[in-house]
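Per the UniProt record's numbering, the very first residue in the sequence shown carries number 1; after that it's consecutive.
Careful, some of the hints might be misleading.
[Said to hold, decoys possible] Computed spacing ranges between beta-carbons, pair by pair:
| no. | residue 1 | residue 2 | range |
| --- | --- | --- | --- |
| 1 | 184 | 526 | 43 to 51 angstroms |
| 2 | 121 | 226 | 44 to 52 angstroms |
| 3 | 299 | 515 | 28 to 36 angstroms |
| 4 | 534 | 354 | 18 to 26 angstroms |
| 5 | 532 | 470 | 34 to 42 angstroms |
| 6 | 198 | 98 | 31 to 39 angstroms |
| 7 | 429 | 388 | 24 to 32 angstroms |
| 8 | 537 | 96 | 38 to 46 angstroms |
If you're looking for bench data, these hints aren't it; they were derived computationally from the structure. Only a predicted model underlies this, so the values are computations on that prediction, with no experimental measurement involved. Where a beta carbon is used, it is the ideal one built from N, C-alpha and C, also for glycine.
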Amino acid sequence: MRAPWTSVSEVRTEQGKAPVSEPREKKLHPHPPSPRASYELRLRARHWADTMIVLGILQYLQTLLTPSVLRHSIVALLALLGSLIAGLLYTGRRHAVRRQLRHLRRVGVSPGQSNMSDQYDSRYDVPEGEGRPSIGRPVRIKAIYLHPVKSFAPVEVSRALLTKSGFMYDRCFAIAAEVTEPDPDPDSDPGTGARRKFWRFISQRTKPAMSLIKTELWLPHESSNPVDVLVRAGGCVLIRFPDPDRPTWPRRLEAFLHTWNPSLAPEFSFIAPLNPDHVATSPDGADEAALALRSFVIHGRTAQGLDMGAVSSVAQGLPRMKKFLGIPDSTPLTLLKCTPETLVRTTKNLAPLKHIGSPATHGYTDQQPVHLASLSSVHAVANLLPRENQPLNALRFRANMWVTGAPAFDEERWKRYRIVRKNDELGTPTRARVDAVLCVVCRTSRCTMPNVDPDKGVFDTDVPAPNRKKGRPQPSTTLMEHRTVEDGNKAAMGYMGMHCVPEDRSLNEAQEQDADLYVHVGDEIEVLERGQHLYGSTGDDY
Numbered sequence: 001m002r003a004p005w006t007s008v009s010e011v012r013t014e015q016g017k018a019p020v021s022e023p024r025e026k027k028l029h030p031h032p033p034s035p036r037a038s039y040e041l042r043l044r045a046r047h048w049a050d051t052m053i054v055l056g057i058l059q060y061l062q063t064l065l066t067p068s069v070l071r072h073s074i075v076a077l078l079a080l081l082g083s084l085i086a087g088l089l090y091t092g093r094r095h096a097v098r099r100q101l102r103h104l105r106r107v108g109v110s111p112g113q114s115n116m117s118d119q120y121d122s123r124y125d126v127p128e129g130e131g132r133p134s135i136g137r138p139v140r141i142k143a144i145y146l147h148p149v150k151s152f153a154p155v156e157v158s159r160a161l162l163t164k165s166g167f168m169y170d171r172c173f174a175i176a177a178e179v180t181e182p183d184p185d186p187d188s189d190p191g192t193g194a195r196r197k198f199w200r201f202i203s204q205r206t207k208p209a210m211s212l213i214k215t216e217l218w219l220p221h222e223s224s225n226p227v228d229v230l231v232r233a234g235g236c237v238l239i240r241f242p243d244p245d246r247p248t249w250p251r252r253l254e255a256f257l258h259t260w261n262p263s264l265a266p267e268f269s270f271i272a273p274l275n276p277d278h279v280a281t282s283p284d285g286a287d288e289a290a291l292a293l294r295s296f297v298i299h300g301r302t303a304q305g306l307d308m309g310a311v312s313s314v315a316q317g318l319p320r321m322k323k324f325l326g327i328p329d330s331t332p333l334t335l336l337k338c339t340p341e342t343l344v345r346t347t348k349n350l351a352p353l354k355h356i357g358s359p360a361t362h363g364y365t366d367q368q369p370v371h372l373a374s375l376s377s378v379h380a381v382a383n384l385l386p387r388e389n390q391p392l393n394a395l396r397f398r399a400n401m402w403v404t405g406a407p408a409f410d411e412e413r414w415k416r417y418r419i420v421r422k423n424d425e426l427g428t429p430t431r432a433r434v435d436a437v438l439c440v441v442c443r444t445s446r447c448t449m450p451n452v453d454p455d456k457g458v459f460d461t462d463v464p465a466p467n468r469k470k471g472r473p474q475p476s477t478t479l480m481e482h483r484t485v486e487d488g489n490k491a492a493m494g495y496m497g498m499h500c501v502p503e504d505r506s507l508n509e510a511q512e513q514d515a516d517l518y519v520h521v522g523d524e525i526e527v528l529e530r531g532q533h534l535y536g537s538t539g540d541d542y
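Work out the full structure, taking the sequences as your base and the hints as a guide.
If you want it as structure tokens, here you go:
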């Protein structure tokens with residue numbers, strides 16, 4: 001028997017047997033870490049080291065950046081940012097173009113103050129046949145628009161100078177492209193495949209994005225430098241549109257600094273002189289040349305204009321405009337300027353000479369010198385449209401004068417009217433003490449252009465019917481259904497607005513006063529004569 005304090009091994013040894021060794025602790029051999037785990041460990045170690053370095057640098061800078069040093073550093077940083085901003089503002093294209101306008105003054109209603117801003121108000125919804133709404137609510141001119149470049153966005157003005165050929169600066173430019181078509185000469189052999197090249201004007205009918213090309217009218221003033229190139233040219237039209245090229249960050253920053261709108265895309269702009277008899281044809285302005293006349297087709301008739309493509313500023317802008325409108329590079333494009341020598345007589349819907357005195361003339365307007373429309377008539381058409389096409393923007397119809405106070409379509413029975421001066425407080429020093437009188441010659445027959453949304457540059461349709469893939473164009477579908485009120489023009493897609501011609505008597509009276517025949521917003525319309533209109537019923541020759 002072993003003593004209580006002896007171990008088992010000692011007992012066995014004492015008995016002559018081999019000692020039993022104690023069991024050894026088992027050693028663990030874990031698997032080596034995976035490559036991904038090793039990478040993450042190294043990455044964490046690197047981040048930790050970088051963090052410690054940054055903290056060390058910050059602690060060091062903290063010992064250096066006293067309040068005075070910190071203030072100087074902030075001032076230096078702000079100065080650097082200011083220099084960068086100034087460089088963008090004063091070296092960018094926008095500033096370079098605007099600098100050329102420094103001796104001119106922009107003409108027109110300020111942005112955000114349009115007289116048509118409330119055009120959708122129900123008080124202008126005066127139904128047809130109600131007669132005059134009430135005594136004390138005369139027919140007034142609500143807004144006046146000029147369209148310096150045909151089919152581009154208009155310029156709203158508070159007053160406009162009326163001439164024999166329409167309002168000054170209205171439709172004085174047009175865009176034309178060179179096209180190739182089969183030769184219609186009956187003497188040519190069809191088998192030869194003869195083709196001819198000619199220039200044809202472009203409009204929103206085929207390029208709806210033209211509605212997005214904005215125009216600004218800039219004219220000389222009393223303090224203008226008389227030797228300035230654009231002052232000698234009588235002013236200019238500034239043409240601007242979204243830049244089709246992919247914008248760089250300096251261009252985006254430049255656009256933001258000018259507009260403070262971060263979502264607004266950069267614009268491209270160029271200048272077209274108003275009276276370019278002799279203008280610079282090289283970028284440095286050293287070379288001058290007389291511009292050549294070019295013939296082009298506009299609505300089936302041949303018109304002429306000065307080819308502005310030779311002007312250096314226009315030549316720089318046309319390629320970019322071509323790209324914006326999706327015109328192939330191989331298609332020549334130019335800007336044409338109407339002159340007094342290129343005006344032509346009207347050949348349809350002739351006004352009586354006993355009233356107008358001499359034959360009506362026009363430049364690049366569709367048919368007659370002046371276009372008038374009533375806001376209540378637009379409301380009447382809007383009420384007939386599908387709900388998704390309401391409200392209807394009156395600016396789709398591109399009238400010169402918009403009137404209010406008359407029932408819908410009452411203007412279609414006017415034959416002559418007087419514009420009674422009521423708003424002389426606008427301060428036009430050369431305004432004649434004469435009321436302009438105009439003849440109304442016909443309804444305005446419509447095409448597809450009113451279908452263009454002027455704010456989006458696309459054609460509008462209604463919601464397609466269940467069995468149709470495409471919607472119907474609007475508002476032309478509704479105009480054709482409800483406003484084809486005569487059959488004088490078989491091609492008309494409904495009627496809206498009236499064509500007018502100024503009478504010589506009021507123009508001559510203004511000339512005798514050595515003054516100008518201005519029309520102001522707020523002037524009243526006095527109807528002198530009423531009657532029926534039928535498109536094309538007056539003949540084609542005076």
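Going through the hints against the structure:
no.: 1; hint: 184 to 526: 43 to 51 angstroms; result: holds, 48 angstroms
no.: 2; hint: 121 to 226: 44 to 52 angstroms; result: holds, 46 angstroms
no.: 3; hint: 299 to 515: 28 to 36 angstroms; result: holds, 34 angstroms
no.: 4; hint: 534 to 354: 18 to 26 angstroms; result: holds, 19 angstroms
no.: 5; hint: 532 to 470: 34 to 42 angstroms; result: holds, 38 angstroms
no.: 6; hint: 198 to 98: 31 to 39 angstroms; result: holds, 37 angstroms
no.: 7; hint: 429 to 388: 24 to 32 angstroms; result: violated, 49 angstroms
no.: 8; hint: 537 to 96: 38 to 46 angstroms; result: violated, 54 angstroms
The structure shown violates the earlier hints numbered 7, 8.
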